[in-house]
Amino acid sequence: MSSTPTRTNPFARIENEGLDDFKPKSTPIPVSRTQDKQPTDIAQAITRAEEKTKLVKLAENEGFTINNFDEKPIPARIAQDAKTFLKTVRIHVSDWNRFQLWCHENGYTHRKGFQVLAASLPPKKA
Amino acid sequence: MPTIVAANTKGGSGKSTSCLVLGTALARKGATVRVIDADPQGTLVSWSQGQSKYRDIVVSPTPGEDLTDLIDRLASEYQFVIIDVQGSANQELAAAMSRADLVVIPMRGKTADAEVATNAIALLRKQEKLFKRRIDHGVIFMATSAGVKTREEKEIRANVEAGSIPCFQTQLHERTAFSHMFRFKLAVDELESTDTSGLPAALENADAFRNEVTQILRQSRQEQDQEVVVTQ
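Taken in order, these protein sequences are the chains called A and B. Residue numbers for the first sequence follow the working numbering, beginning at 1 and rising by one. Residue numbers for the second sequence follow the working numbering, beginning at 127 and rising by one.
In case anyone wonders, no lab produced these hints; they're calculated from the structure. A hint or two may mislead.
Said to hold, decoys possible - Here are the simulated lysine-lysine pairs, BS3-like style, with alpha carbons at most 27 Å apart:
| hint | chain 1 | residue 1 | chain 2 | residue 2 |
| --- | --- | --- | --- | --- |
| 1 | B | Lys179 | B | Lys155 |
| 2 | B | Lys258 | A | Lys54 |
| 3 | B | Lys275 | A | Lys23 |
| 4 | A | Lys57 | A | Lys23 |
| 5 | A | Lys25 | B | Lys155 |
| 6 | A | Lys124 | A | Lys112 |
| 7 | A | Lys54 | B | Lys179 |
| 8 | B | Lys252 | A | Lys25 |
| 9 | B | Lys252 | A | Lys52 |
| 10 | A | Lys25 | B | Lys258 |
| 11 | A | Lys23 | B | Lys179 |
| 12 | A | Lys72 | A | Lys25 |
| 13 | A | Lys72 | A | Lys57 |
| 14 | B | Lys252 | A | Lys57 |
What the hints assert, rightly or not - Pulled from the structure, derived: some chain A residues nowhere near chain B, Cβ distances all over 10 Å:
| hint | residue |
| --- | --- |
| 15 | Leu19 |
| 16 | Ser26 |
| 17 | Thr40 |
| 18 | Lys54 |
| 19 | Leu58 |
| 20 | Ala59 |
| 21 | Ile66 |
| 22 | Asn67 |
| 23 | Ile78 |
| 24 | Asp81 |
| 25 | Thr88 |
| 26 | Phe99 |
| 27 | Thr109 |
| 28 | Lys112 |
| 29 | Gly113 |
We treat Cβ as the ideally placed atom computed from N, Cα and C, and that holds for glycine.
Given the sequences, and given the hints that come with them, work out the whole structure.
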């Protein structure tokens, strides 16, 4: 055996071994999802938050600063044109996030976005 | 149970390939697996849009989602969770490492790769100190020649060993099958020998990697159990 910490050799017999001995971990339910918050849940949440802060600080100290999953808020757009007429309509937007992103990408306010969508609807048949 | 992270801050070192080879090899053996594609490049998400029977194993975090929460949730539902992060100095790597049972450091036998890989190892060692827990890790050499070892590769191996960094015995060789996984969006065992040469050797290579990973995890579990008995 070499003195270097070389990893173990995959023996042929392992090929026939199953993987049933690997079980999913039992993870406590996050505090926010529990119905009744117990003191232990809160303590656990505090520990997790502290751990996360330490982790971020350590990563930053080591130069690991990029955060790819940071939530980037989309700034609200204020309509500059005159207000449209008042009309109460019931509109169902099946995917609000997609609509919001589409408005953002096209530089529309939500009002303008609705107008563009409404204009693209096929005329109602008589 | 185990959470495995592929870590190297260098792009193109073979993180996605090693994650996919390992994930599909475990799934082929009947294990329940999830591979988190935490790389915004979305190589694995793109792969999962193909016709592979294993395509459901790939998941990706949504913007703003806490990666550690996602890992914890998946680890409580699946036997193996594998995480592929971007090849940059990003915080996802630190978050994934904090949950890792094993960190796989894919590295080509090139000096540039070896130099950058040390960043990931330094981060890992700092985490071990901070959280007072051992994180099993090992370098896996990627895209190596099955027959010939270059002088550069030999030197890098010697340096890795001199730095007391564990190395996997298995190497994922430069094989058409491993690049065809992405070309055809299939697992190695789903590729056709008419399109891809050297399939049996690639399958054997993938199985050897899976076996070595599971063996390390078993050993680590045994050692942890023994530590618990000793402290009791």
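Verification of the supplied hints:
no.: 1; hint: B:Lys179 - B:Lys155; verdict: holds, 13 Å
no.: 2; hint: B:Lys258 - A:Lys54; verdict: holds, 13 Å
no.: 3; hint: B:Lys275 - A:Lys23; verdict: violated, 38 Å
no.: 4; hint: A:Lys57 - A:Lys23; verdict: violated, 32 Å
no.: 5; hint: A:Lys25 - B:Lys155; verdict: holds, 20 Å
no.: 6; hint: A:Lys124 - A:Lys112; verdict: holds, 21 Å
no.: 7; hint: A:Lys54 - B:Lys179; verdict: violated, 40 Å
no.: 8; hint: B:Lys252 - A:Lys25; verdict: holds, 25 Å
no.: 9; hint: B:Lys252 - A:Lys52; verdict: holds, 15 Å
no.: 10; hint: A:Lys25 - B:Lys258; verdict: holds, 20 Å
no.: 11; hint: A:Lys23 - B:Lys179; verdict: holds, 23 Å
no.: 12; hint: A:Lys72 - A:Lys25; verdict: violated, 32 Å
no.: 13; hint: A:Lys72 - A:Lys57; verdict: holds, 20 Å
no.: 14; hint: B:Lys252 - A:Lys57; verdict: holds, 11 Å
no.: 15; hint: Leu19; verdict: violated, 4 Å
no.: 16; hint: Ser26; verdict: violated, 6 Å
no.: 17; hint: Thr40; verdict: holds, 17 Å
no.: 18; hint: Lys54; verdict: violated, 6 Å
no.: 19; hint: Leu58; verdict: violated, 6 Å
no.: 20; hint: Ala59; verdict: violated, 4 Å
no.: 21; hint: Ile66; verdict: violated, 4 Å
no.: 22; hint: Asn67; verdict: violated, 5 Å
no.: 23; hint: Ile78; verdict: holds, 24 Å
no.: 24; hint: Asp81; verdict: holds, 31 Å
no.: 25; hint: Thr88; verdict: holds, 33 Å
no.: 26; hint: Phe99; verdict: holds, 17 Å
no.: 27; hint: Thr109; verdict: holds, 22 Å
no.: 28; hint: Lys112; verdict: holds, 24 Å
no.: 29; hint: Gly113; verdict: holds, 21 Å
Of the numbered hints given earlier, the model fails hints 3, 4, 7, 12, 15, 16, 18, 19, 20, 21, 22; all others are met.
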